[in-house]
Amino acid sequence: MSLLHLAIVAPLIFAILVPFFYKSFRRIHTGWFVLPLPILLFIYFFSFISTTKSKEVVMKTLDWIPTLGINFTAKVDGLGLLFALLITGIGALVVLYSIYYLSKGKEKLHNFYVYLLLFMGAMLGVVLSDNLIVMYAFWELTSFSSFLLIGYWYHREKSRYGAQKSMLITVFGGLSMLGGIILLYLMTGSFSISEIITQADVIVTSPLFIPALICILLGAFTKSAQFPFHIWLPDAMEAPTPVSAYLHSATMVKAGIYLVARLTPVFAVDGLWLWLVASFGIFTLFWGSFSAVKQTDLKSILAFSTVSQLGLIMSLLGVGAASLHYVGLDDNLYVVATTAAIFHLINHATFKGSLFMVVGIVDHETGTRDIRKLGGLLHFMPITFTLAMIGAFSMAGLPPFNGFLSKEMFFTGMLRVLEMDFFSFDSFAILFPILAWVASVFTFIYSMILVFKTFTGKYQPEKLEKKPHEAPLGMLISPIILASLVIIIFFFPNSLLSDNLISPALSSILPSLLTDEEGFMVHIYQWHGFNPELFMTLGVIAVGVLLYLTLPKWRRVYDLFPENLTLNRFYDGAVNRAQTGSFKFTKSFMNGSIRSYLVYIFTFFIVILATALFYKNAFKVDTTNLASIGVYEVLLALLIMIGAVSILFAKTRLSQIILLGSVGYTVSLFYVLFRAPDLALTQLVIESVSVALFLVCFYHLPKLRREETRIRFKLTNAIISVGVGAIVTLIALSAHSNKFFSSISQYYIENTYEKAAGKNMVNVILVDFRGFDTLFEITVLAIASLGIYGMIKLRLARREED
Amino acid sequence: MRSNNIILETAIKVILFIIVLFSVYIFFAGHYYPGGGFIGGLMTAGALVLLLIAYDIKTVSMILPFNYRIMTGIGLLFAIGTSAGAIFFNVPFLTHAFGHIDLPILGEISLHTATIFDLGVYLVVVGVSMTIIQTIGEDE
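First to last, the protein sequences are chains A and B.
For the first sequence, position 180 matches number 180 in the working numbering, and the numbering has no gaps at all.
For the second sequence, position 102 matches number 102 in the working numbering, and the numbering has no gaps at all.
In case anyone wonders, no lab produced these hints; they're calculated from the structure.
Do not take every clue at face value.
Residues from chain A shown here face chain B by an in silico Cβ test under 10 Å; the list is partial [to be verified]: (1) Ile640; (2) Ile642; (3) Ala680; (4) His700; (5) Ala757; (6) Val762; (7) Asn763; (8) Phe772; (9) Thr779.
Which stretches of chain A does chain B cover? Using the computed rule of at least three CB atoms under 8 Å from a CB of chain B, they are [to be verified]: (10) 689–698; (11) 780–792.
Nothing here was measured: the structure is a model prediction, and the numbers come from that model.
Heads up, the beta-carbon is just placed ideally off N, CA and C, and yes, glycines get one too.
If we strip away everything but chain B, and leave its shape as in the complex, we get (with noise of 0.2 Å):
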């Protein structure tokens, strides 16, 4: 049985929306600051780790019912779209574009296919880590 883990999972509950939200920032500043798809991933990953150590595997996947092979699988389908987009505008594989727009509220904001491209291989690397994480964790 289970001890009464009270603590630790009251502290979770809260710590999580943090690393998350951190790891999303560090995913969005990646292309200006610091971070990017693959530490912004890992981090993603290291909260929803955090959350199977203070629950267990059964009640994680039952809040988060992710196929984390699947999420890999999509992850690497936006990778190799955004690349593969290209084509059709008659440039070659893997050229990037970008554009500064003016929205209402935001103001000027710059937008970038290789934040596409960084998305997927955000999913990939949470796929992947949970992935492997989870087959060990159930493994007998």
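Just chain A, same shape as in the assembly (with noise of 0.2 Å):
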């Protein structure tokens, strides 16, 4: 085990002691003991970058089931460590916002601080893991503890709804993602990422393919927040802040992107991989863009614009897969793609985490986040609404942060979709420039929603449950440091990111276009001229801002949608259904009634039978066998069939109950007849002790309810035990006319005596033979007269205590 796999699973070994600290040390905040790890996890991982710059791969294995190929694997390339530097760093940053928003007295910090432990374990996990199936692993351990953390408050309902939600939705993907895993095992015989890669051409041939290709979306779309598999993020927002500022914004719904990008050079070279990508993501940024207007609640427009900012980036790596269609590095359109949606994730992850936090801030210091309760706060709190202000401009995409850089960056790959000229993209690549236009500035709408309604406008004191004032320093250390990465992100992109960063991760999801000594030169200019993607970013603000004032005379086209038809409802719709209908569905079969199993197993009987013998052609008769038939027989035959026939159509029990000792008796009359003299022994004195034991069920029977009827007579009764009848009765017939064997009683008769030294044959094998049997059968009754002595008198018992 090396120190990279310890690096791994120590937020996962560590969870093990945090509730110690909670438990030893109430006086200090559990938090400050887990701080220092991410911070280490952190500084480790950020010594790789010298490594990852020169193109070089750290790999190290670690056995776990080598006999499947199942290895812990753990790779260190540019993308994984870029993922990994955002887990660590925004997970120290978070922990420690979480110590002063969390209060140490009143919440139960130990689970807060185990669940947010394994997530990140898991997250690292994920995005470390070179084998698939150990990915898959840590990928269920991020819905897992994701759902423990959504449900962080469990007794608010909301809370418990929306953990369920997204443990539903997250977990349908994973497991198609599983689906999709094995087919990728199935055609390329590994489990390795790397392995597969280089097998790329040979999956793309194999019809396998599209099954692959789309179990694997499904696995990263339900977990990006991807149209339609969105709706459950909004709904995660009833977990603590701290939790939808690091899960819900910066690290768990980019694990979908993590896993395209990572799966780029195997899928990519087909167009369905484009299509699909791009599509849904273009669509999932007008969606959830379009939705965030819409919200009144901090979070929840956050929540959507985290949608479409996940459905920005996923459409650009959709892009971007274009240029793997070219080879080499020269006049390659497409790469802006990948780099913009790279670069907007490091963004994403730095303005959302701050938004969270200020949300949390505002939502803690005033006790509501309901953007029609707040306003005016801008006196109270100056340094959040600067946080707020900065995080909420590099959303919309206004100089001078970050966002303004990756969002031109944006228009740039959107447009090149319009030169798109393969896989049918020159029809519809129209399509892509004007969502993406209208999306922004619905991103611009949502921006200056969340800034000015909550800090500007009429302080409206009576509607708050708390004097609002500024947030302790502890609380504002992490957003501030957020909000500077955002704006010295702007100023220095080339020297803090495209080297150290982005070229690396760009050589891990477009491998094939470089050769041994090349590397990706990224540049990243914060002005490029007076070109179309400047003219759409001016559009943008003087729409933005002109929708934004007249936003209360054309906020009723949202009451245009219907209420019954929102996915939200067909969620609900389809879960509600799931139960009523499974319970339907049980109910209409498991009724109670045994005479409706017994009807159902015969059934099944006669059908599984009777087709087995049809299909087999097994039916067959053969009299060549038969031994000649005696008037004895003839004579105890019709007896027995009388007796049996009659116990049908008796009026009273007493008279069936001697019906059927009858036809024990003629049975062991067949016996004496048949030369079988212990088995008429036997059941003489058998069919004797049952018939007693029937008389005295008989004579014990309630009063009230002995119904002297005949047996009502059933058509369904009737047909299925006239068929089971004729099954067995064919049954025996066949079997009887296809002997292929002789028997092996020859050998009894030879040596019962030389060996066994008995007479007696059937003795002999009942005692020395075949004892087995026999000891197992005392047992058998053993435990009968126990069971009738046991539950006659513990009913005795319990009738004398009451």
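Starting from two chains that each stand alone, build the complex the way the hints lay out.
Pasting the structure below:
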């Protein structure tokens, strides 16, 4: 186990210790014990930058299940490292923030930090595993720990609803991803991502390619909240705000992005991948920003904004995958899209993280997140306002914030779709820049709502639960760091990010474009000159300002959508219908009546045996081996038939019991006739005993319900019993006619005296040759008698108590 | 109150021994003629049931103070004991041994470990039938 493995699972191991810290040091906030861990991990992963910069990949393998090819292979390359830095860096800031956000006295801190550390370790495992099965295991652990974190305030009904919803949707995606992984394994014989990438040309010709692609994308889309699976994210906002900041803006929702980026070299050869990723992304972008504008809750706005930004990154990855259809780097139009995706991924983590923290502060200091109640907080919280402005303006894509840079690159990428001339992109390509531009306008509007509806306007103290004031310094540190990054990245994007993080990440996403010595030359400009992108941004600002100011007038557009056609309604309906439907289905056949169950059992019996007889062509009647029929057999058979049939038509139970006895005695006569004296003796005695027991039962029947009626006639019963009789007869006839081997009884005949010193063959078989059966048969008898004894005695004891 | 069943009681006093003797005969003859532990046990139980019919449960349990559940257990022990005994002679479980011995009065006689196994069966069958009948009989 190398240091790298230890670093990945360190949060999981540390999670074990958290409850001890919590119990032993009640006076110190547990978060302080947790805080050093992500900082240390951040420093550790930071030391890898020089390695990945020179395009080296660190691979360390720890055997787990080597016979199945499942080993914990940790792999640090540009993409994995970028995510690892985001996870540990923002993780550290979130832990710091949570120390001030969650109260020491009121909250169950040990739960919180255990879940958070579980999540951190799982997320590191997802981005740093080269083995798909290991990645899947960590992937499900992120779903699971996210479920726990969303339901952290489990006494609230909405938290539980949100947690369940996110669990159902992400686990659905996770399971289909597992299907995709298995299909990939079937095609390549390996779970290792690096191995699979080298066989990309084999995979694309396989018939399993399309199913694998769709399964994997389902996993990525559900996790990254793409349309129509985005509905879990707004409901996950019931989690504590540090959790929303960490999971639902910076890390977990980017796991799907990571998966798409990671498997781009495998799937991007096919046009379907490009189409699906790009168009789902662009539509999610539009839909998320469009829905964000109508929200009134600050965290819902941010949730839909996250959905839309994730769609943006996803669409860029889709378009960027087109670059693999060119050879080499020169003149490659679409690399810029992938660059923009990576760049925006980093930017989004910075500004969205700080925005969530800002919203958390507002919530914490005023007691509400409803923008209809908020307003005029500028004078009370100047620092928070500044932070909110920086975050929101960056999100809207304004200079001098990093969002401006990535949005410009985003427009560039979308405009280049117009030049795409393969996979029939030419007919619909125009939709991409248009949707991108419209979505940006909406992004601008909700960013403005976020800042100005909260901090400016009329101050309404009567609607607030607390008197607002500035947050404590500790709560402000994390958003200040993130907001400073927003500005610093704008001014120094190249020296900070391009060579260190973006270029190595690009070489992991688009490896085939490079020869060994080459590296991606990423250069980000603040000023492009007067090009279409700039005019698009100017247009966004102009139209956005106009629409924001006239918002009350066109707000009613949202009322046009029918209430009961929303995706949430659909989800709720599906969950409800699944429950009531399965309940009804179960109820329809599990009706509690033993008669029905017997009907099912016997019908199944008839159907399955009849089909087997028919398909195997097994029915055969062969009369060569039959013995001659004597007059006694005929007489006894008539007797037993009369007995059996008259049971059905007997009027009283007493006569039924006696008729049954007569059948039993006739059977023992048959034994006599067919020369089985032991059986005849036993049958006689047993029949007497059981008739006596029947009479006892009959005697004990309660008087009130004793009905002296005939068995009622039912057609189904008749059909089924005739069917069972017929099928058993047919099988007996066929079995007799299809004897392939002679009996082994000759051995017993020869050896009964020789080897077992007995002359009664039946008895010798019972106690000697096959005594094992007898041993357990007498055990059965013993259990039966003890059972009867127990039932009767226990019942008596209870009756005495009453 | 019970009616005076003098004929039944007297008859059973005579018949009982014949039935028991017959059941013992059937038990021992089992290895060579029809019979064996199972049917022998059932017949002994039948004899005891006759006693139960003629007298009552209390009287019978006074005459024959057996705990039939323990009898079942002993029977199982006999059966398993003979089967497991084979292991000590390095042969597979449930291997029976037999031999012919000359006894002074009875002459040559064959002894067989299967008989002990059968004795187990016999005891279990008597125990089981009597447990069932007694329990049901005592039930109100």
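Here is what the structure says about each hint:
no.: 1; hint: Ile640; result: violated, 23 Å
no.: 2; hint: Ile642; result: violated, 28 Å
no.: 3; hint: Ala680; result: holds, 8 Å
no.: 4; hint: His700; result: holds, 8 Å
no.: 5; hint: Ala757; result: holds, 4 Å
no.: 6; hint: Val762; result: holds, 8 Å
no.: 7; hint: Asn763; result: holds, 4 Å
no.: 8; hint: Phe772; result: holds, 6 Å
no.: 9; hint: Thr779; result: holds, 7 Å
no.: 10; hint: 689–698; result: holds (count 3)
no.: 11; hint: 780–792; result: holds (count 8)
When held up to the earlier numbered hints, the structure conflicts with 1, 2 and fits the remainder.
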